[in-house]
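Q: Residues per chain, in single letters:
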Amino acid sequence: MSEQRILLPADVTMTDFNSIEPLFIEGYIDRGGYKGLSKAINELKPTDIIEEVKKSGLRGRGGAGFPTGKKWELVAAARGDKNYLCCNASEGEPETFKDRTLIRSNPHQLIEGIIISAYSINANNAYIYINEKYTEEILILERALREAEDNRYTGKGILGSKFSINIEIKRCPDKYVAGEETAMMEVIEGRPAKPWQKPPYYPANRGLYGMPTLVNNTETLSNIPHIVLKGSEWFSKFGSPKSPGTMVFTLSGDVKRPGIYELPLGTPLRKIVYQCGNGLKDGMLFKAAFPSGPSNSPVTESQLDIPLDFDSLKGIGSGLGSAGVIILGDSTCIVDTVLGFSRFFMEESCGQCPPCQMGTVKIFRLIQKIEDGNGDMKDLTDIENTCSSLKGQVVYCHLLKGAINSIEGVVKKFKGKFESHINERKCIYKAESTLIHS
Amino acid sequence: MKKVTLTIDGKKIVADSKKTVLEAAAENDIYIPTMCYLKKLNPIGSCRVCLVDIEGADDPMTSCQLPVMEGMVVSTKSDRVIELRQLMVKLILVNHPVDCTVCERSGECRLQDITYEFGISRQDLKAEPVERVKKYDWKLIRYNPYLCVLCERCIMVCHEVQGVSTYKIKNNGFRSVIDTVDEKPLDCDFCGQCIAVCPVGAMSSGLVLQARSWELNKVRSVCSYCGVGCPINLDVKKGKVYRVTSDDNIGINNGNLCAMGRFGYQFIDTEDRIKTPLIRKGDRLVPASWDEALKLVSAKFKEIKNSHGGDAIAGIGSERASNEDNYLFQKFFRTVLVSHNIDNLLNMENSSFGSEVFEKFDLPIINSTEYITKSDIIFTFGADACEENPVIGNIIRVTMRDREARLIVGSSRDVGFRPPPDFRMVYKYGTEVLLINGIIKSIIGSRESEGIKEFLDYLKGIKLEDVSSRTSVSKDLIKAISLSLIKSKSPVILCGREIYKHPRGVEIIHALQNLANIINGNIILYREYCNSQGVNDMGVLPDKYPGYKNVADLEAKGDFEKVWGVTLPVKGRMTAGRNIIDDVVDGKIKALYIMGEDIVLRSHNGNQAREALKKIDFLIVQDMFLSETALFADVVFPSASFSEREGTFTNMEGRIQKINKAIEPIGESRADWVIIKELANKMGGSFKYSFTEDVFKEIAAAIPLYGGITYSSIKNNGKLANYQSQSKKKFRVVQHSEIESIGDSDMPFIFLSGNTFFHLGTLSRKSAAMNMLTSECIVEINPSDAEKLKINDKDTVTVKSKNGNITIKTKVTNKSPQGVVFIPVNFENAPANILTNKKDAVIRVKIIKNEQ
Ligand SMILES: Cc1cc2nc3c(=O)[nH]c(=O)nc-3n(C[C@H](O)[C@H](O)[C@H](O)COP(=O)(O)O)c2cc1C
Ligand code: SF4
Ligand code: SF4
Ligand code: SF4
Ligand code: SF4
Ligand code: FES
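Chains as they are written, first to last, in my numbering: chain A, 1 to 438; chain B, 1001 to 1852.
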């Protein structure tokens, strides 16, 4: 196994989630924690830090891979009397647990990252926006925040400087779309989770309460103390040139050893399947991988050597997203899998954009028909047509585009599987499994 | 304001930087289709019908939400946006049962229009039907989710304009439907704003329409309830009013109405309308012909006039009748009966408000509501801005939204506001003058002031500690309020019913005028009824001619003799300090002619009114209904409702507005002025008016306030009468004076009365829809008082004053401060005016729990 741990504690195994012991403040400081913060406050100007983060090449781990330093620069340059920082720990994507793991194992790393980032963009108020179902992690964070305050890392005039920072936990409804950054603003301000149209306003220039707001993912922020302490050069040694650093992958599906793996960006897919995951279970053969949960086109066997980084995956029409990698073996029905995905999108659409509200139901119904053995070829073309007509539609967030990407990709690459469902008038995978059980 | 230059469809446009692309386009006559957009709401952006292409942007954007930017290049007609807009509508139509044949909104439906406009004739998308639950168990308002396009207008109008925030979107994705926030049956203001803004047939009135939109003829009129005077449309088909609607961008209300205005019209054709004149035969009132009835009255009047003189006949005009009716009413008395013995209930109760305020002191308190919309601080004093004249509440709320105006609410009850006001001040009833002087003192203390010396000297003697302890408003609050008033650039002060019904109302207004002078603000006085202002302007006053000319003034007498061609009486009011009802009780009046008022329920002394009506020799009541008062009558004249005739009302702003005839008069009823004209002519008068306009012409000629206004020029937004005060800022020393308090030592509660949200006067009680919302009168009492008396919510209690007692259910609420109880007026089953007898006093009561 070729793990490269920067973010996850080196000595903890990640296969048994419940056994992860959080590192509280003493342990964290023992391992060099909060040194990055004191360096930032005592030695660096905010602009220096932004420059360093830019140089590091760090890209957002929340899904889009947007250059972090550049985002900071936009927020710092925006004019407002009060800047905000929001740490996104909503993690509503199925089969993705990286933020949860990071908080559970190392809460102070995140808190330190938040403080440094807030200092850099001059925000005195920060929110940790965390999925309400992460009840234990919320308790861990609450304790860690109390510790940080007791140690004067947060509060008024931290470390003897003039900088003050207040960090608050905000619970986020367990809805996928609630993790979208503008929906997050709505939730924090007490309204239903519904994204805004962008442009004209991005959180960077007009976010929480109309003020410039930095939104970064939990993992993105967890990287910050390391970059500040060890420098951008050190950081960019890991990963690939355009996607430096490591990423915390959540591996799931038909592999023998699903779990959390921190790997350098650019690690080939084959390696994660066969080395980390120890190959497919039950003697299955590799059929497909979804590198970022249900929101991107699948990767097929011929593409097993693709490096897992933002640009390589984008190059083959897929995406890295937040690195929730789902592996499918050959005895799993991909039509059934994508039916599950389409149900997810249908359930999770907030419904404010007609194309998304209507489109997601329609696609779900069509796939269901085919999976149930009731579909015909017209339904398959209907799926294709619906996808392509929904593509150019004006919607307020990426949910619909993600849905189309993955469904269109599956239909394109595994059309035969749909056709056999139609021709046989049933799902052969289900038929087999009932055979085995009876 | 900053301007930006942009290009829309090749046209260079300069627009205000705060505008959206949609607004900038509209200003330049470039059409962009919309569905969810509504000018009076913040952009919602849910339908995507207004998409436009922006050069340099990947995707098209919704123009309703997109601010204009320098150098932006917009295309509203690219192939791509036209196709996308069509697709949006098709998507909305996917789950929309095209039930146009049975839908009430057919013909005025935005979805129908836009489908037609876009030429969508085929639906190539389809979806399986989704089960949804219709909300047909709500009162008055029904929601059909199958027709809902989820535009969210209803949610936003209820939140932004009505301040109730009743609705939410329940569920997400394709299961989304509208529901109440608590998912319980609707319990709200029932203003119907949500129905009005719904672009399709999803929100509709439970009063089933049974008329297609194209069959309905919209007749412009004015709401006949409160003094706001909202312009409305009476939607009529074949002689029946089917609904009341209102148009955005017209009049004071901008399309908003309150529950009474929108749903309270059913009194027009209820069974109880009086259809023929009635004459008393023994203890029964029997139908008679107009000729019979008019002859009888004219003979009786002549007889009394000959034997006792004209001023043995008295008349009470109406705050609900038109200017023309009231004008001819007083003219009939003055010229035919030769009597100045006329009055109206507002003046009888509080004469200073009927006339003195306008004439003697020249107070600029009749002002356009524009002062609210342009203000940065709104100070309501003695008003319940949510419940009283509700549409003013809408104006305040929208001003708070658009201008971030601050709100100060002062009242002797904890009336509050939605959204919550910046300052809430609950003062002790009767200490208003003291409080205002305290605020002024606190302001003066912190800045140089202009003004008369005596006033300043007087203020020197005031101590804030003292003000605070006597008004029960904390010193800090007084200071905070005065501080925010000083900072304001355009403050406005609104005074409500609590003030104009107050024994010290005029003094309070004077004190507020001093305050307004100092902070450079304007005062607006609420009016209770649709023509409370007009009835006074028209001179239905014992001591004033139309336009507040003194009866005692010989010059005025000469002027009116010229206009009317008669010799007018010199003698004014019968007995100084006594009103008509007092005089009836004293036996000085033989005949009484009441036009459109129910004095049994509305006079401030119910017992005395009953006594007077029993005593009077000859009583004529002119009304739409057999009111409690009409039951005593010797002759009843049936009058036509506001929907059956023309005329003008003058609202609280002094805005003259026109009502129009929408349906034929019910039965043999006639417009009030026509009845008066016939009676006058029967008695030898020469009332030569053929049309309403003829009467108005005379009004405009006789009253400078209405001078220069022609009947035909009164259009949608009415015409403001000439109230503008020329006077310089005047300061007067207004001192606090104790008010007599009437009640035995075991009567601890101060009794206050007023209107409720769903009822005003007796008309709303004739409307089934309004009675469905509330039909029971309640007494409001503070929780801690209730606890002391071991009273629970909805218990039956007896409220007892020195004057009488009524039995009533309780409502335990913080709105009533400790030691104060409140009972709404105008409920015939619990007439609150039985408790009161003296107008210049505070009435105290006790509450006794009834044993079950
Ligand atoms: C439907 C949807 C769901 C999202 N959910 C998450 C999430 O759970 N966590 C997250 O960090 N970002 C999520 N995002 C991305 C955020 O909008 C945002 O881009 C991100 O938090 C920025 O952080 P980064 O720059 O550090 O990646 C989501 C976006 C979309 C469109
Ligand atoms: S795309 Fe879908 S999830 Fe995103 S805002 Fe629109 S309706 Fe909501
Ligand atoms: S009737 Fe008025 S208060 Fe009630 S839900 Fe509709 S808009 Fe809101
Ligand atoms: S009920 Fe009417 S106004 Fe409300 S969301 Fe539905 S269509 Fe829009
Ligand atoms: S606010 Fe007054 S005038 Fe307007 S609709 Fe209501 S009752 Fe009528
Ligand atoms: S009108 Fe602009 S989105 Fe509906």
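Note that these hints are calculated values from the structure, not bench results.
Just so we're clear, the structure is a prediction, and the values are computed from it rather than from any experiment.
By construction, the Cβ of each residue, glycine as well, lies at the ideal position given by its N, Cα and C atoms.
Incorrect hints may appear among the rest.
[To be verified] Computed footprint of chain B on chain A; a stretch qualifies when at least three of its residues, placed anywhere within it, have a C-beta under 8 Å from a C-beta of chain B:
| hint | segment |
| --- | --- |
| 1 | 135-146 |
| 2 | 188-200 |
| 3 | 277-283 |
| 4 | 386-395 |
[To be verified] In the DSSO-like style, the derived pairs of lysine-lysine whose C-alpha atoms are separated by at most 30 Å in a straight line are:
| hint | chain 1 | residue 1 | chain 2 | residue 2 |
| --- | --- | --- | --- | --- |
| 5 | B | Lys1134 | A | Lys369 |
| 6 | B | Lys1549 | B | Lys1729 |
| 7 | A | Lys369 | B | Lys1729 |
[Said to hold, decoys possible] From the structure, some residues in chain B lie toward chain A, with a derived Cβ separation under 10 Å:
| hint | residue |
| --- | --- |
| 8 | Leu1041 |
| 9 | Ser1046 |
| 10 | Pro1060 |
| 11 | Ile1082 |
| 12 | Pro1145 |
| 13 | Gly1173 |
| 14 | Leu1294 |
| 15 | Gly1416 |
Q: Does the interface hint hold: is serine 1046 (chain B) within less than 10 Å of chain A, judged Cβ to Cβ?
A: Since the shortest Cβ distance to chain A is 6 Å, the answer is holds.
Q: Would the hint on isoleucine 1082 (chain B) be counted as holding, given a Cβ-Cβ threshold of 10 Å to chain A?
A: violated (13 Å)
Q: The hint names proline 1145 (chain B) as touching chain A; please verify it with the least Cβ-Cβ distance against 10 Å.
A: The hint is violated - proline 1145 (chain B) has no Cβ within 10 Å of chain A, the shortest such distance being about 13 Å.
Q: Next item in the hint list is leucine 1294 (chain B). Is there a CB on chain A closer than 10 Å to its CB?
A: Because about 65 Å separates leucine 1294 (chain B) from the closest Cβ in chain A, which is outside the 10 Å limit, the hint is violated.
Q: Within the assertion that chain B covers the segment 277-283 of chain A, do at least three residues meet a Cβ-to-Cβ distance smaller than 8 Å?
A: violated (count 0)
Q: Please check whether leucine 1041 (chain B) passes as an interface residue: C-beta within 10 Å of a C-beta belonging to chain A.
A: violated (16 Å)
Q: With a cut-off of 30 Å on the C-alpha distance, tell me whether lysine 1549 (chain B) and lysine 1729 (chain B) pass.
A: holds (23 Å)
Q: Go through the hint on proline 1060 (chain B) and say holds or violated, using the shortest Cβ distance to chain A against 10 Å.
A: holds (5 Å)
Q: Would the pair lysine 1134 (chain B) and lysine 369 (chain A) pass a check requiring their Cα atoms to be no farther apart than 30 Å?
A: holds (28 Å)
Q: Three residues or more, CB to CB closer than 8 Å: is that satisfied between the segment 386-395 of chain A and chain B?
A: It holds, with 5 qualifying residues against the three required.
Q: Restraint: glycine 1173 (chain B) near chain A, CB-CB cut 10 Å. Satisfied or not?
A: With a minimum Cβ separation of about 4 Å from chain A (threshold 10 Å), the hint on glycine 1173 (chain B) holds.
Q: Quick check: do three or more residues in the segment 135-146 of chain A have a beta carbon closer than 8 Å to a beta carbon of chain B?
A: Per the Cβ count (0), the hint is violated.
The earlier numbered hints that this structure contradicts are 1, 3, 7, 8, 11, 12, 14, 15.
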